[in-house]
Amino acid sequence: MVKIIAEIGINHNGDISMAKKLISMAKNCGCDYVKFQKRNPDICVPENQKKQMRETPWGYISYLDYKKKIEFSKDDYKIIDDYCKEQKIEWFASVWDLDSLKFIEQFNVSTHKIASALVTNLELLKEVAKCKKYTFISTGMCELEDIDKAVDIFKKANCEFELMHSVSTYPADEKDLNLSLINFYKKRYNCNVGYSGHETGISPSVIAAALGASSIERHVTLSRSLFGTDQSASVERRGLIELVTVIRKIPIVLGVPQKKMLDAEKPIAKKMRYWIK
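With my numbering applied, the sequence shown covers 1 to 277.
It is worth saying that the hints were derived from the structure and are not from the lab.
Where hints are given, some of them may not hold.
[Stated by the list, open to error] With a straight-line Cα cutoff of 16 Å, these simulated EDC-like cross-link-like pairs (lysine to aspartate or glutamate) come out:
hint	residue 1	residue 2
1	68	81
2	85	32
3	186	160
4	20	55
5	74	47
6	85	55
7	69	15
8	175	160
9	156	127
10	3	90
11	20	75
12	78	15
13	20	82
14	21	97
15	67	97
16	149	174
17	67	47
18	88	32
19	133	105
20	27	242
21	27	81
[Unchecked claim] For each label pair, taking beta carbons as the anchor points, the in silico distance ranges come out as:
hint	residue 1	residue 2	range
22	28	210	18 to 28 Å
23	156	266	27 to 37 Å
24	15	183	31 to 41 Å
This structure is a prediction, so every number in the text was calculated from the model and none was measured.
All residues carry an ideal CB built from backbone N, CA and C; glycine is no exception.
My request is simple: use the sequences and hints to build the entire structure.
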């Protein structure tokens, strides 16, 4: 069955109550996982951006201060961990630096995620692979040789992984999605391949699942009108319900490649084939 990942990411805006609402939404809509992002802003924010000022819900503050505002603490993640157990849904996170990997490992998650932006951070990839946990690896903003190197690291570490085709524009234009890469990656790397979508609609994600994607990841939000860079590329409750409902129907309607007359068709055939006595 296709795994459906609700990417909460940073759409919680540092509000634990909002994070809990998103977790509940994902569970109630039928998702299998919720995913967060964890980073140490002092490490991950480039030096030339740290002092840039911007308007935020917390006032006119530096980009570094904004990034710190939306990071959850250990106590926050303990709440998330407990709440996900209560809701009976798994959670994991894309880790953006070594400090964050160590932080997330405290919670004994079963899964890791390499975000598209981190695929060329080979040191981080090697440390994640050492954890020997199933790892989703997004492939947006990558050249083919970047993916080759990432796959090689995980294969050498004997760490099970899944590539996720992705286009890292927010929101992504449907003409750029190139979903044919799903089966290309399957053949090239002999691994599971999912799809992490950033488009505004749901049809490309449904098509990806029909093409054989092993997982579908979509950003989720309580409202696209909320503050945040990922909100516009996210799906709200109604869209998430529709997405999950249609994806769950795919194996039912696809069936198996064996042609056989249904028992229910036989009396209809007898009635309509007038030339057969």
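Against the structure, the hints:
1. Distance hint between residue 68 and residue 81 is unfulfilled; the C-alpha atoms sit about 21 Å from each other, more than 16 Å.
2. Proximity of residue 85 to residue 32 is assessed by CA-CA distance (about 13 Å); at most 16 Å being required, the pair is judged to hold.
3. A hinted pair counts as satisfied when its Cα atoms are at most 16 Å apart, and residue 186 with residue 160 qualifies at roughly 14 Å.
4. Taken as a hint, the residue 20 and residue 55 pair is broken in the structure, with Cα atoms around 26 Å apart against an allowance of 16 Å.
5. Between residue 74 and residue 47 the alpha-carbon distance is near 25 Å, which puts this suggested pair outside the 16 Å criterion.
6. Distance restraint check for residue 85 and residue 55: the Cα-Cα separation of roughly 36 Å exceeds the 16 Å cut-off, and the hinted pair is therefore not satisfied.
7. Note on residue 69 and residue 15: the hinted pairing holds, with a Cα-Cα distance of about 9 Å set against a maximum of 16 Å.
8. Using a Cα cut-off of 16 Å, the hinted pair residue 175 and residue 160 is violated, with the two alpha carbons roughly 31 Å apart.
9. Between residue 156 and residue 127 the alpha-carbon distance is near 12 Å, which keeps this suggested pair within the 16 Å criterion.
10. A C-alpha spacing of about 11 Å is found between residue 3 and residue 90, which places the hinted pair at or below 16 Å, so the restraint holds.
11. Distance hint between residue 20 and residue 75 is fulfilled; the C-alpha atoms sit about 14 Å from each other, no more than 16 Å.
12. A threshold of 16 Å between alpha carbons decides the hint, and for residue 78 with residue 15 the separation of about 14 Å falls inside it, so the pair holds.
13. At roughly 10 Å between alpha-carbon atoms, residue 20 and residue 82 fall within 16 Å of each other, so this suggested pair holds.
14. Only pairs whose Cα atoms come within 16 Å are accepted, and residue 21 paired with residue 97 is rejected, the gap being roughly 27 Å.
15. Taking the CA atoms of residue 67 and residue 97, the gap is near 14 Å; set against the 16 Å cutoff, the hint holds.
16. For the hint linking residue 149 to residue 174, the alpha-carbon distance of about 28 Å lies beyond 16 Å, and the restraint is violated.
17. A distance of roughly 13 Å separates the Cα atoms of residue 67 and residue 47; the hinted pair therefore holds under the 16 Å criterion.
18. Between residue 88 and residue 32, the direct Cα distance comes to roughly 9 Å. Compliance with the 16 Å bound is thereby established for this hinted pair.
19. The straight-line distance between the Cα atoms of residue 133 and residue 105 is roughly 10 Å, inside the 16 Å bound, and the hint therefore holds.
20. The hinted pair formed by residue 27 and residue 242 meets the criterion: a straight-line CA distance of about 14 Å does not exceed 16 Å.
21. As the CA atoms of residue 27 and residue 81 are separated by approximately 14 Å, the hinted pair is consistent with the 16 Å bound.
22. Checked against the given bound of 18 to 28 Å, the beta carbons of residue 28 and residue 210, roughly 24 Å apart, stay inside it.
23. With their beta carbons about 56 Å apart, residue 156 and residue 266 fall outside the hinted range of 27 to 37 Å.
24. For residue 15 and residue 183, the Cβ-Cβ distance of about 40 Å falls inside the hinted range of 31 to 41 Å, so the restraint holds.
Of the numbered hints stated above, those contradicted by the structure are hints 1, 4, 5, 6, 8, 14, 16 and 23, listed in ascending order.
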